[in-house]
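Let's have the full structure, built from the sequences with the hints guiding it.
Those protein sequences? They're chains A and B, same order as listed.
My numbering puts the first residue of the first sequence at 51, with every later residue one more than the last.
My numbering puts the first residue of the second sequence at 51, with every later residue one more than the last.
Do not rely on the hints blindly, as some may be mistaken.
A pair counts as met if it fits within one copy or between any two copies, since identical chains are not told apart.
DSS-like mimics (lysine-lysine), calculated; alpha carbons at most 27 Å apart, straight line [unchecked claim]:
id: 1; residue 1: Lys611; residue 2: Lys530
id: 2; residue 1: Lys326; residue 2: Lys289
id: 3; residue 1: Lys626; residue 2: Lys530
id: 4; residue 1: Lys626; residue 2: Lys450
id: 5; residue 1: Lys626; residue 2: Lys121
id: 6; residue 1: Lys529; residue 2: Lys626
id: 7; residue 1: Lys114; residue 2: Lys256
Hints listed in this document are in silico derivations from the structure and should not be mistaken for laboratory results.
None of these values were measured; they are calculated from a predicted model.
There are 2 protein chains.
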Amino acid sequence: MKDYIKHDPWKIIEEGFVPEYNRISESLCSLGNGHMGQRANFEETYTGDTLPGNYMAGVYYPDKTIVGWWKNGYPEYFAKVLNAPDWIGLSIRLGGEEIDLATAEVEDFHREIDMKTGILFRRTRLRLNNGSLVELESSRFVSMERPEAGCFRYDLRLLEGEGKIEVSSFIEGNVHNEDANYNEYFWEQLGEYLDSDSEAILIKTKKTAFTLASRITTKVSLLASDGSASAVDSTGSEKTPGRVARSFSSPLKAGETLRIEKYNSSLTDRDHDADKLLEKGAAVLSDAVSAGFDTLKEEHIRAWAHIWDQSDITIDGDVAAQQGIRFNIFQLKQTYTGKDERLNIGPKGFTGEKYGGASYWDTEAYCLPFFLSTADAGIARQLLVYRHNHLERAIENAGKLGFTEGAALYPMVTMNGEECHNEWEITFEEIHRNGAIAFGIYDYIRCTGDRDYLMPMGMEVLTGIARFWKQRVNWSEAKKKYVMLGVTGPNEYENNVHNNWYTNYIAAWCLRYTAQCAESLAAERSEEYRDLASGLSLTSAELAEFKSIADQMYLPEDTEKGVYLQQDGFLDKEIKPVDQLAAADRPLNQNWSWDRILRSCYIKQADVLQGFFFFEDDFDTETLKRNFDFYEPLTVHESSLSPCVHTILAESLGYKEKAYEMYLRTARLDLDDYNNDTEDGCHITSMAGTWMSVVMGFGGLRHREGTLYLNPALPEQWKAYSFKLMNRGTLMRVSVSDRGIELENQGEKTVSLMLGTRDDAKEVTVEAGQTVSC
Amino acid sequence: MKDYIKHDPWKIIEEGFVPEYNRISESLCSLGNGHMGQRANFEETYTGDTLPGNYMAGVYYPDKTIVGWWKNGYPEYFAKVLNAPDWIGLSIRLGGEEIDLATAEVEDFHREIDMKTGILFRRTRLRLNNGSLVELESSRFVSMERPEAGCFRYDLRLLEGEGKIEVSSFIEGNVHNEDANYNEYFWEQLGEYLDSDSEAILIKTKKTAFTLASRITTKVSLLASDGSASAVDSTGSEKTPGRVARSFSSPLKAGETLRIEKYNSSLTDRDHDADKLLEKGAAVLSDAVSAGFDTLKEEHIRAWAHIWDQSDITIDGDVAAQQGIRFNIFQLKQTYTGKDERLNIGPKGFTGEKYGGASYWDTEAYCLPFFLSTADAGIARQLLVYRHNHLERAIENAGKLGFTEGAALYPMVTMNGEECHNEWEITFEEIHRNGAIAFGIYDYIRCTGDRDYLMPMGMEVLTGIARFWKQRVNWSEAKKKYVMLGVTGPNEYENNVHNNWYTNYIAAWCLRYTAQCAESLAAERSEEYRDLASGLSLTSAELAEFKSIADQMYLPEDTEKGVYLQQDGFLDKEIKPVDQLAAADRPLNQNWSWDRILRSCYIKQADVLQGFFFFEDDFDTETLKRNFDFYEPLTVHESSLSPCVHTILAESLGYKEKAYEMYLRTARLDLDDYNNDTEDGCHITSMAGTWMSVVMGFGGLRHREGTLYLNPALPEQWKAYSFKLMNRGTLMRVSVSDRGIELENQGEKTVSLMLGTRDDAKEVTVEAGQTVSC
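Here's what the structure looks like:
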């Protein structure tokens with residue numbers, strides 16, 4: 051845990067340069083716009099420790115799976131998020147000395163990202179070895195308005211000294227991933243291009259053959275001490291394989307500023323014909339250059355203002371909490387914009403290269419509720435369409451494991467619909483993701499009311515998933531129930547367990563929900579449904595089978611303790627609460643062997659409670675409480691997805707202190723480097739959990755049969771808080787303080803909602819434009 | 051399954067050349083002498099499909115473990131059996147055309163290994179493209195008498211045509227393993243040496259830094275049609291990095307024979323100082339060359355005669371069975387000679403590079419009984435000393451997993467005592483190997499009576515193992531018993547199960563046996579024991595704890611069915627006998643996904659029956675029968691270690707037909723390429739199981755409290771059979787036919803044994819030199 055980021059409501063600020071924290075700051079101050087992103091690396095040369103990172107959404111490399119004993123059905127590759135060409139690079143020499151924070155004396159240093167504007171800013175004062183004193187100031191962003199463009203302005207002010215300044219501004223395509231085997235390069239160079247006003251490279255990934263065109267224009271000018279500007283002409287350009295550069299040079303006197311404005315366009319053949327990439331990229335770049343830095347910046351800030359208008363959360367009286375929640379929202383919105391149905395939300399977004407793949411079950415279980423409530427419904431729908439587009443691949447994936455007749459198993463991790471993780475205990479066994487994907491459809495419909503999505507997309511996905519569960523269970527003669535053997539639940543600190551309560555429960559739910567949807571569609575839209583069912587060969591006999599399995603599903607339980615069992619045999623473990631563990635043992639995954647973790651009672655994230663989070667209304671409060679009381683003390687929360695669920699449940703059970711403790715744990719996970727791994731990148735998907743902690747936890751948001759419920763409570767550590775809620779096209783602002791609750795309808799339609807708990811709530815109606823205090 | 055090997059009592063014969071079978075024949079006809087070995091590759095150039103293989107015992111390479119999600123305690127590397135320099139290579143050109151079975155027309159082909167003599171022989175007649183007709187004949191062996199030397203005689207007889215013959219005889223050190231990543235080379239070249247009468251290379255493995263000196267001398271002569279010989283002088287020698295070669299050339303006429311005799315010495319710094327290797331290698335080689343091919347061959351045949359004298363099994367009336375059993379004995383004796391306590395018995399011996407590592411639990415569970423009964427006790431003792439030498443590493447290995455206070459976990463696979471396999475479900479969980487290692491000590495003592503081994507070596511190993519079990523169990527409040535969670539049993543078609551009956555049983559046995567040994571030693575040799583116990587901090591309280599855990603160990607059982615349960619929850623599976631599976635599904639591991647296999651009831655090798663094999667006398671016949679009847683029909687025998695156990699149990703339960711069926715399955719596994727994988731090498735360790743099938747199965751051999759039991763029965767498919775038995779220094783020959791049983795005491799001491807079953811046996815005494823008929 052670290053505490054070097056300054057607390058500020060809107061900014062992430064690093065004050066003073068600590069080289070050991072550089073990678074962490076690079077992660078925290080990452081930029082992204084859904085199409086591309088980059089870590090907050092320095093523009094100029096830096097020979098100290100850094101993790102260079104530039105990423106293009108959807109561009110990956112399939113690293114071959116290598117395992118001691120290969121078994122049938124193992125996925126063939128592990129998809130790596132690929133480091134892409136670095137377009138920000140500058141090499142600057144003053145009086146012959148390279149500007150480099152690692153070799154100069156850093157007299158002053160300030161790096162920040164302004165979450166309100168999405169602009170990365172840095173100011174630093176350096177004493178060079180040759181005695182010169184310079185101040186650098188850079189402002190950088192990847193445009194939210196023009197996703198294929200990015201730019202920065204970089205001012206070098208000479209405070210003391212005098213000399214020739216030489217600048218080389220380049221694109222470096224010779225990059226590799228840090229964990230590449232034997233420093234293998236994953237890109238092939240296709241060509242370098244030096245035009246009169248721009249330079250470009252064209253490169254292609256090995257094996258996957260994604261083509262990328264990256265192009266830059268650099269404008270350099272000299273600002274006299276009176277502010278008057280004169281252009282500095284280029285002294286030439288050059289190319290080597292995978293690299294292009296343009297040079298500038300000028301004398302520089304104390305008081306003068308060299309201003310560098312660099313513009314980039316990065317386009318891939320995911321969006322354009324490969325043979326048009328250079329041409330299109332030139333057009334995107336030239337438009338950006340014509341608009342100029344200031345205009346691009348204004349557009350970009352406007353785009354962010356719109357995002358914040360829909361999704362901001364304010365917290366009064368706790369700036370650390372305020373900064374934390376905004377950081378989480380900011381990173382989520384940088385990662386996914388919903389503009390490209392082929393994309394999804396990778397665990398590191400654009401902040402690092404660790405963990406391959408672009409989508410996990412996190413998307414449906416954690417991110418979908420966030421996007422459902424903070425953006426137009428179309429964005430959440432894209433996340434559903436993404437899975438529908440992958441249905442055929444999911445059926446193939448199930449086929450590789452021996453499933454037949456249209457059974458679909460969605461991959462645990464994927465880039466393109468294929469499984470791309472490489473551990474059997476996860477890929478074969480962590481099948482609960484299929485449940486979350488079905489639940490996502492349910493969640494989308496209950497929030498948006500868009501039942502059209504079922505016809506045919508939702509029904510096709512649900513049918514594939516239900517057929518998987520139908521084949522995945524088997525009848526146990528011993529139990530006289532359907533059982534599900536050999537699974538890994540959300541608690542990945544167990545593998546290959548039998549009858550994981552969560553998995554069995556969500557499987558039964560999927561089977562029932564699929565049958566329900568089919569039956570109601572058959573009644574409501576009989577003709578259309580008949581065609582759909584016939585295309586899917588879905589008969590009423592099969593629907594009856596779905597329900598019969600669901601009704602006879604085994605759910606492990608200990609009646610004496612009155613708790614559901616995470617899986618068969620859980621009570622054979624030595625049960626000892628987490629608080630009895632020595633501090634030196636925590637986190638377990640850094641201190642215990644995997645062997646010991648598997649055998650222990652300690653839970654990475656609590657499966658039964660995850661089930662309660664989804665299906666809370668299926669259980670009475672006493673049951674929720676007994677299980678929470680049993681599992682919470684055994685949970686180590688070493689999954690970043692864990693604490694938010696505990697906040698929400700604890701709050702609804704009246705465990706205020708626990709709720710707040712868990713909230714703190716999720717909100718500042720990366721900012722305070724809680725798990726000592728932020729240097730690898732931020733935990734993007736779990737950030738949606740922080741939003742859920744506030745809105746569903748303290749705010750009590752629930753969707754029950756088409757009705758919105760709120761039950762806001764004020765944590766005693768806060769003076770007030772507010773959140774935005776997008777519900778069926780109407781934006782609402784919910785403010786909570788010790789004076790009560792204010793509901794402000796910022797939309798154009800009347801909103802009716804229930805205020806209170808599921809058992810005790812009153813209806814409140816808020817007219818468009820009105821604010822109601824309760 | 052294939053059937054191209056000719057049936058013969060002593061030889062493995064391939065008649066006619068089928069290129070598709072070449073790799074299989076290369077495996078079957080492999081040579082080895084405990085120190086080094088090689089596949090039966092051709093000496094001359096072969097551009098067709100081949101798996102070149104030369105191996106030096108104990109020389110390996112640690113390939114880095116690569117896994118998607120690294121966890122603490124994962125082994126760092128996977129040890130590869132390393133392909134070593136090829137010293138047999140010849141390039142022969144006749145009239146300018148390279149001799150190559152892939153390009154010439156093969157008119158006749160015969161390859162055989164004579165198991166009686168350990169000599170690989172090949173004769174082939176080739177029509178070259180230039181019209182010449184040649185006959186090649188080669189005889190090759192690696193010397194059993196001089197383990198660092200090998201040689202061959204290669205005659206090329208020109209039958210038709212005339213031309214210049216050019217020979218290049220070389221060592222090729224630029225070799226790599228077939229599965230190497232990106233064809234990476236694992237050897238570094240240290241130097242090449244051209245002397246007047248020999249050529250050598252010195253090379254070193256990367257990372258592990260084993261140094262190897264390989265040296266050759268080649269003698270070429272011309273045999274006229276009347277048999278008179280004249281030397282062919284060398285035309286020069288040459289070297290390139292990692293390669294040395296010497297050339298010869300001569301005119302050759304029809305009726306003349308070019309004879310090439312090539313000698314090799316291969317020495318490593320495992321046995322000599324690295325800086326003396328070249329010198330020592332020159333001496334070994336020069337001695338061999340002085341002795342000459344015929345003398346080396348005689349010595350080698352003599353050494354094999356001695357081996358067969360101690361270990362042969364004869365079977366009358368079934369030549370396929372005779373060939374099968376001899377093949378198994380032959381390969382075992384080629385693989386391990388007991389001369390080097392640092393070596394052990396790798397799963398592929400010297401026949402292939404697949405599967406890393408040199409020792410598995412197979413050694414104690416399968417190979418030890420073979421060596422105990424077919425060689426002097428010193429050889430079996432070496433296998434025990436090997437584990438004692440690794441005790442410290444086993445304690446370190448347990449330490450990496452969080453065990454303390456001298457608990458030892460032997461690696462599942464090792465080269466040097468460190469774990470060198472790389473899958474957690476095997477390395478962390480297949481801990482029953484610890485039990486087999488302890489059982490090996492028990493087995494050794496009951497066969498040899500050598501209780502001295504316990505002081506201190508055996509007791510040190512047993513204590514480390516017992517301490518591991520003590521810490522590995524935990525008390526289950528639910529069961530009020532000690533349980534063992536998260537293990538993989540011998541049946542590797544299940545992973546991470548709880549309360550594996552076999553593992554729990556052998557753990558309890560280990561704990562009890564350790565306490566028993568300690569208590570009896572304390573009584574018998576109190577002073578010595580006191581020192582030992584004090585050195586180990588082994589108190590009577592700890593011994594009491596061992597016994598208490600053993601007494602309260604949970605053993606899963608289904609009282610209704612009257613069977614032990616392989617593990618908790620086994621009866622939740624869909625139980626359907628193997629014979630109801632479609633033929634197309636078999637073998638499962640080539641047709642089903644791992645996922646499906648894990649969930650199924652099908653057993654690779656039956657854990658409970660493996661336990662019965664070790665602890666038969668702990669159970670009454672009805673119990674043995676009920677469990678056999680339950681598990682046998684569920685067993686697919688896809689472990690080569692499985693069928694022999696079933697032969698032995700079936701025979702003792704009176705299931706004659708099943709016993710013979712299982713015998714056939716084990717005896718000709720490689721010869722008939724039963725599992726379609728002999729091309730990768732032979733299944734060496736399971737070969738000991740074939741021996742056990744005959745001697746313990748049909749012969750009924752048991753050791754009970756210092757007494758030898760035999761209960762020979764004659765399979766109805768055989769006319770007669772005999773086996774050799776080395777028991778406490780006395781060699782006995784047991785012959786069984788329809789005329790009865792003959793016991794021939796070939797030793798110098800009187801032998802007393804029990805003839806019959808455990809419940810009904812009579813004592814028989816055989817004087818030295820006498821034969822008794824019963």
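Which holds for lysine 114 with lysine 256 at a C-alpha limit of 27 Å: within a copy, between copies, both or neither? For lysine 114 and lysine 256, the Cα distance is within 27 Å both inside one copy (12 Å) and across copies (23 Å).
Is it within, between, both or neither when you check lysine 529 against lysine 626 at 27 Å Cα-Cα? Classified as between: cross-chain Cα gap 17 Å, same-chain 29 Å, threshold 27 Å.
Could you place lysine 626 and lysine 121 in one of the four classes (within, between, both, neither) given a Cα distance threshold of 27 Å? Between copies, since 23 Å is at most 27 Å while 37 Å is not.
At 27 Å max between alpha carbons, let me know whether lysine 626 reaches lysine 530 within a copy, between copies, both or neither. between (33 Å within a copy, 16 Å between copies)
For the identical chains here, do lysine 326 and lysine 289 meet the 27 Å Cα criterion within one copy, between copies, both, or neither? within (21 Å within a copy, 54 Å between copies)
With 27 Å as the alpha-carbon cut-off, assign the pair lysine 626 and lysine 450 to within, between, both or neither. between (41 Å within a copy, 23 Å between copies)
Could you place lysine 611 and lysine 530 in one of the four classes (within, between, both, neither) given a Cα distance threshold of 27 Å? This pair counts as both: shortest intra-copy Cα distance 23 Å, inter-copy 16 Å.
Violated hints: none; the structure is consistent with every hint.
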